[in-house]
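Chemist: Chain by chain, the residues:
There are 2 protein chains.
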Amino acid sequence: MIWNESVEEEQRLQLAMEPYDEFLQRVQDIHRLGALQGHLGWDQEVLMPAKGASSRGEMMAWLAGKRHEQLIDPRMGELLAELEGKALDEDRAANVREMRRNYDQAVRLPKSFVETFAQARSEALVAWQSARSASDFEAFKPSLRRLIEMTREKIDLLGIQSTPYDVLLDEYEVGMTVEDYDPLFAGLRERLVPLLEAITQAQNTVDEPSMPEGLVFSVDAQKAFCEAVSKHMGFDFEAGRMDASTHPFSAGLWPGDTRFTTRFDEVDPFSCLYAVMHETGHALYEQGLDHEHRFTPRGAAVSLGVHESQSRFWENQIGRTPAFWKVVLPWFRANFPDAPDWDEHALNRLANRVEKGFIRVEADEVTYNLHVMLRYEIEKQLFNGDLDVDDLPTAWNSMFKEWFGIEVPEDRLGCLQDIHWSMAAFGYFPTYTLGNLYAAQLLEAMAEDLGDVDEMVASGDWKPMLDWLRPRIHQRGSQVSPAQLIEDATGSPPSPEPFLRYVERKYSALYQLG
Amino acid sequence: MIWNESVEEEQRLQLAMEPYDEFLQRVQDIHRLGALQGHLGWDQEVLMPAKGASSRGEMMAWLAGKRHEQLIDPRMGELLAELEGKALDEDRAANVREMRRNYDQAVRLPKSFVETFAQARSEALVAWQSARSASDFEAFKPSLRRLIEMTREKIDLLGIQSTPYDVLLDEYEVGMTVEDYDPLFAGLRERLVPLLEAITQAQNTVDEPSMPEGLVFSVDAQKAFCEAVSKHMGFDFEAGRMDASTHPFSAGLWPGDTRFTTRFDEVDPFSCLYAVMHETGHALYEQGLDHEHRFTPRGAAVSLGVHESQSRFWENQIGRTPAFWKVVLPWFRANFPDAPDWDEHALNRLANRVEKGFIRVEADEVTYNLHVMLRYEIEKQLFNGDLDVDDLPTAWNSMFKEWFGIEVPEDRLGCLQDIHWSMAAFGYFPTYTLGNLYAAQLLEAMAEDLGDVDEMVASGDWKPMLDWLRPRIHQRGSQVSPAQLIEDATGSPPSPEPFLRYVERKYSALYQLG
Chain A
30 MIWNESVEEE
40 QRLQLAMEPY
50 DEFLQRVQDI
60 HRLGALQGHL
70 GWDQEVLMPA
80 KGASSRGEMM
90 AWLAGKRHEQ
100 LIDPRMGELL
110 AELEGKALDE
120 DRAANVREMR
130 RNYDQAVRLP
140 KSFVETFAQA
150 RSEALVAWQS
160 ARSASDFEAF
170 KPSLRRLIEM
180 TREKIDLLGI
190 QSTPYDVLLD
200 EYEVGMTVED
210 YDPLFAGLRE
220 RLVPLLEAIT
230 QAQNTVDEPS
240 MPEGLVFSVD
250 AQKAFCEAVS
260 KHMGFDFEAG
270 RMDASTHPFS
280 AGLWPGDTRF
290 TTRFDEVDPF
300 SCLYAVMHET
310 GHALYEQGLD
320 HEHRFTPRGA
330 AVSLGVHESQ
340 SRFWENQIGR
350 TPAFWKVVLP
360 WFRANFPDAP
370 DWDEHALNRL
380 ANRVEKGFIR
390 VEADEVTYNL
400 HVMLRYEIEK
410 QLFNGDLDVD
420 DLPTAWNSMF
430 KEWFGIEVPE
440 DRLGCLQDIH
450 WSMAAFGYFP
460 TYTLGNLYAA
470 QLLEAMAEDL
480 GDVDEMVASG
490 DWKPMLDWLR
500 PRIHQRGSQV
510 SPAQLIEDAT
520 GSPPSPEPFL
530 RYVERKYSAL
540 YQLG
Chain B
30 MIWNESVEEE
40 QRLQLAMEPY
50 DEFLQRVQDI
60 HRLGALQGHL
70 GWDQEVLMPA
80 KGASSRGEMM
90 AWLAGKRHEQ
100 LIDPRMGELL
110 AELEGKALDE
120 DRAANVREMR
130 RNYDQAVRLP
140 KSFVETFAQA
150 RSEALVAWQS
160 ARSASDFEAF
170 KPSLRRLIEM
180 TREKIDLLGI
190 QSTPYDVLLD
200 EYEVGMTVED
210 YDPLFAGLRE
220 RLVPLLEAIT
230 QAQNTVDEPS
240 MPEGLVFSVD
250 AQKAFCEAVS
260 KHMGFDFEAG
270 RMDASTHPFS
280 AGLWPGDTRF
290 TTRFDEVDPF
300 SCLYAVMHET
310 GHALYEQGLD
320 HEHRFTPRGA
330 AVSLGVHESQ
340 SRFWENQIGR
350 TPAFWKVVLP
360 WFRANFPDAP
370 DWDEHALNRL
380 ANRVEKGFIR
390 VEADEVTYNL
400 HVMLRYEIEK
410 QLFNGDLDVD
420 DLPTAWNSMF
430 KEWFGIEVPE
440 DRLGCLQDIH
450 WSMAAFGYFP
460 TYTLGNLYAA
470 QLLEAMAEDL
480 GDVDEMVASG
490 DWKPMLDWLR
500 PRIHQRGSQV
510 SPAQLIEDAT
520 GSPPSPEPFL
530 RYVERKYSAL
540 YQLG
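In the order they appear, the protein sequences are chains A and B.
With this note's numbering, you'll find the first sequence wraps up at 543, consecutive numbering, no jumps.
With this note's numbering, you'll find the second sequence wraps up at 543, consecutive numbering, no jumps.
Hints are supplied without guarantee of correctness; some may be wrong.
Any copy, or any two copies together, can satisfy a pair, since identical chains are not distinguished.
In silico DSBU-like cross-links for lysine-lysine, where the CA-CA straight-line distance does not exceed 35 angstroms [unchecked claim]:
1) K115 with K80
2) K80 with K170
3) K355 with K385
4) K80 with K355
5) K492 with K80
6) K430 with K80
7) K535 with K80
These are calculated hints, taken from the structure and not from any lab test.
This structure is a prediction, so every number in the text was calculated from the model and none was measured.
Model the full structure from these sequences, guided by the hints.
Modeler: The following block contains the structure:
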């Protein structure tokens, strides 16, 4: 459609085009608008001047509007219908399948609903921010109630297949329902709660290394250290950047340009390091996508869960091990000459402290999934059960007491802590745990193919790990569903067992558990 | 057109819309695409990773194509025709006038021509780069000949009003023709050539301060010094940024976000300073546009010539004066404690050295316009006369000898030095001189309103100067033609006299000329 002389010529060209080619061009246009949103989003978090905020919001809304407009174009519906009647290869079929899903969702939500919902979210975000500061759930309650009501309306508009909450779960991880999550999570909880108890008791008898008061890790040294780690993981700095932002994130803009961010805390080098490893994991996925399929679903990451598996794989399964610390120890010492004479075991202990904290984003690998499951249970009761917003803090706090054994002292440390609900992102949380489960499955499958992964990490040659992930995860994009992708790569459907084996082995070794 | 449910609804909404509102929405869409090109262009020059180049080129071409497609939409033609029959206020009339101009140009160039021309330019750029390195005009000649031939074809397609070269001149500065430029430039040349001669002779008798060998001006100190100057000029750093790039430029992205760049040379702090003052001049114009009219011609800078007047005003008329150096001297000394004990007069002399060099971009205020006029004469002969590409170097060198009194030793220092012709930007150069002339006219008019400008600069209170420019230049955007804007602001049409008075007075004082 570029450089056409007129609408007539465009229509003439469309008639002459194969339906798939016309469809592809439209799909790429939509994805290019999305990539521009990603680019402006990166800029906004990293370097936009303060007074640019209002125009930026306007530009983002404009791009979202244009994208939506092109997605719901009736011609898209016609092309989808036509292509669904044809025999297509796997890649083309994937694009048609994914665009059908996006198209159906988009056309089912009326303009007025989308606008009102966006407005309600934007108001709820403001209300949540001050409610959290003041730890005042009552101040957030009206906004939250409204978002839940509008989300129920959205569920009705999108059409319920099985249970209402399934509509939300499917939005963030295609194909996943409560029927899939319930057994995964039940299996996890059964064994994580006692493991946590055992660790807590063992901690009293183990001597933990600690961070000396007043020790400063300079930003420049952290940057150099973390860049070296990211590069060693395989991130191509000629095809991407690392910058600083308040909240670390990664943005796979387009081929040859993948960017991630981190944050620097001068008294804690681990915060930056694990943010970098986490975001590099995401970024390696983006750099490894098949560029031939750029700007189409086939060439894009398949799901939040699979994306999170890549970040958690590198952050935790590789990064929080003595084998990792053995390799990076010389870089650590060179960049932080004032640090105590820690060896790889001390550093690994520092990087793996388990604490029964209240905050999800600060949680270790054992408690993290308990935090997620708690939110899943609450959401399920909100949408499939009869939990009222009035009773939400009580429900949260009693579940927390049961699983963690401690009392939530205020809602700021409880049900007000996360931003997600203020954005009506109900159904999002479970993908975090999926990422952990997938990562553990991938680790086991990788070990079967490549031999002991700890040994490989300790050898310093990490390339075979990335090479193993490339064709099995990265290059496949959205060729198949997330669950299918994991099963193809690991030989098993999503399961909690590999993760449980992994944490039980890891923490038994760390705390010499029975 | 945002959030429409369907093309039918869009059409229904269009029917219900006032024609001007529909026109405005289309105009804003086109300008938003252009603003996105500007944003990606900034990113490309400042921080894009190397391997992002290919995707970036593709994205830029896609945006250009989309913009063109929307511009030539037949509905745009209908709306223009309809609005031209209506009584509109000055602002709306300006938007219709400017879009008519853009529309007519766009629809007159067939798709095949635009594509072939883009390809030819892209090849010529590569040929020019290696030809310039080797100082080998013959290697560039075939590409240049092709571009000239295609430009002649473009002139025919666009339609000749008076002379062929006028079509090109008008493209870069609306309304300017050889009939306008010839008398302006002749008046300039007559007095600049003898002035240059007088300065050259005086230079032998004057003791010039010089830069000590080996003195280093750190990048951090230059950055701090230049930011202080830019801020003092009135640049709002909360609504913009200063960064580094190979070639300094400024980009007025959208309200609240105007960015400029500079470059750092550790042995020459003046290069960075005057790049910053030049680009801040451009950026102040962008920050001062009327945001109510954002994303329309009315809310955009009116022309290259007027833009250049803003940069040259601050860079030269303010920045290269003893009054300026008096104010910034404490900042200079604080940031560069190792520099010699220069006073404002020594610094001003260092900043104003006149040299008969071969290179336009390194030229002082006296020779700069001679460089430009030479290119103007060559271009005029190429398109209106009978100069053949074969004879271009000879024509260049003999004119240079006549005006500058020195022989061009090789084409790298002569007709191969500028990038413009390899991009087929014929007709662009004269706008540089227009900028200088407009700046001098503005300086005289400002002095009439505010009193002696030198005194005001020396007082350190520069705000009245910016406040004077705001309503007369910046806020008016493209409300009227460039020449009209200058006449409204200064009481006189474009003229060389104020500029000549300015340089003669300035250099007579610097070199104690008779």
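Chemist: Take the hints in turn and mark each one as holding or not.
Modeler: Checked hints:
1. In this assembly of identical chains, K115 and K80 lie within 35 angstroms of each other by CA distance neither inside one copy nor across copies; the values are 51 angstroms within and 37 angstroms between.
2. Taking the closest pair of Cα atoms, K80 and K170 come within 35 angstroms of each other only inside a single copy of the chain (31 angstroms); across copies the shortest separation is 48 angstroms, beyond that limit.
3. For the homomeric pair K355 and K385, the shortest alpha-carbon distance inside one copy (28 angstroms) is at most 35 angstroms, but the shortest distance between copies (64 angstroms) is not.
4. Taking CA atoms no more than 35 angstroms apart as the test, K80 paired with K355 passes between copies only; the shortest distance there is 32 angstroms, against 46 angstroms inside one copy.
5. In this assembly of identical chains, the alpha carbons of K492 and K80 lie at most 35 angstroms apart only when taken from different copies (21 angstroms versus 44 angstroms within one copy).
6. Taking the closest pair of Cα atoms, K430 and K80 never come within 35 angstroms of each other, the shortest separation being 45 angstroms inside a single copy and 51 angstroms across copies.
7. In this assembly of identical chains, K535 and K80 lie within 35 angstroms of each other by CA distance neither inside one copy nor across copies; the values are 48 angstroms within and 39 angstroms between.
Figure legend: structure checked against the earlier numbered hints; hints not met, in rising order: 1, 6, 7.
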